[in-house]
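Student: Sequence:
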Amino acid sequence: MDEKTLIAKRVALELRPGNLVNLGIGLPTMVAAHLPAGVNVFFQSENGIIGMAPVPEPGAENEDLSDAGGSPIGAVPGAASFDSAMSFGLIRGGHLDVTVLGGLQIDEEGRLANWMVPGKMVPGMGGAMDLVSGAKRVIVAMQHSAKGTPKIVKRCELPLTSVRRVDLIVTELAVIEPTDKGLVLREVAPGVAVADVMAQTGAELIVPPVVPTMPIGT
Numbered sequence: 001m002d003e004k005t006l007i008a009k010r011v012a013l014e015l016r017p018g019n020l021v022n023l024g025i026g027l028p029t030m031v032a033a034h035l036p037a038g039v040n041v042f043f044q045s046e047n048g049i050i051g052m053a054p055v056p057e058p059g060a061e062n063e064d065l066s067d068a069g070g071s072p073i074g075a076v077p078g079a080a081s082f083d084s085a086m087s088f089g090l091i092r093g094g095h096l097d098v099t100v101l102g103g104l105q106i107d108e109e110g111r112l113a114n115w116m117v118p119g120k121m122v123p124g125m126g127g128a129m130d131l132v133s134g135a136k137r138v139i140v141a142m143q144h145s146a147k148g149t150p151k152i153v154k155r156c157e158l159p160l161t162s163v164r165r166v167d168l169i170v171t172e173l174a175v176i177e178p179t180d181k182g183l184v185l186r187e188v189a190p191g192v193a194v195a196d197v198m199a200q201t202g203a204e205l206i207v208p209p210v211v212p213t214m215p216i217g218t
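Take the sequence shown: its letters are residues 1 to 218, numbered as in this note's numbering.
Read the hints as simulated data drawn from the structure, not as lab findings.
It is possible that some hints are incorrect.
Here are the computed lysine-lysine pairs in the PhoX-like style, where the Cα-Cα straight-line distance is at most 20 Å [as the list claims (entries may be wrong)]:
(1) LYS181 - LYS154
(2) LYS147 - LYS4
(3) LYS120 - LYS147
For clarity, every value in this text was computed on a predicted model and none was experimentally measured.
Required output: the full structure, derived from the provided sequences and hints.
Tutor: In structure tokens, the structure reads:
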């Protein structure tokens, strides 16, 4: 199993039947394809749809259906489409149960930076700030490091998306929960030792006496 699939499968285990879930651009969109059997959720994209389905088979794309990043998506029977005002009303009004976002850095306080790298041109913050501030639960799905540099750090060097603490971090190495006391190591990936996680993390981790393995198949 490749790293991104592992992350998506583990995040999917956090979703509950009936949840209204926003999937961010990139890796988070993979979550839709890995829901456990019997778990039916409503996927929302901030560009105006509830009922988003996994990316269609090649050749079946509809140019009028795309996610927030412009990638093609499908739609389940009964899906609803609406304008951006309605979409952000849902987000800012606290109606989203979960948002799954990518991350560039997360600090020891659980604060996320995911919208800009200084010196690189970006079109704007997009919906990231609204999603982190408005969703009931924020899950960050990201790879643990970038070119050998830890993405979980003592203090973010990149601009913060929000001062709100995220609820869970899922990487290819571990599941980490930001708490009032700090970052708690909740699970390790199959075949990964606690020492491996700590060696690739740039922030202090609180390690319980027993750290279970992620409950996913290989």
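Student: Each of the hints needs a verdict: does it hold here or not?
Tutor: Hint by hint, here is what the structure shows:
1. Taking the CA atoms of LYS181 and LYS154, the gap is about 14 Å. The hint holds against a cut of 20 Å.
2. For a cut-off of 20 Å, the pair hint linking LYS147 to LYS4 stands: about 15 Å separates their Cα positions.
3. The suggested pairing of LYS120 with LYS147 holds, with an alpha-carbon distance near 18 Å, which does not exceed 20 Å.
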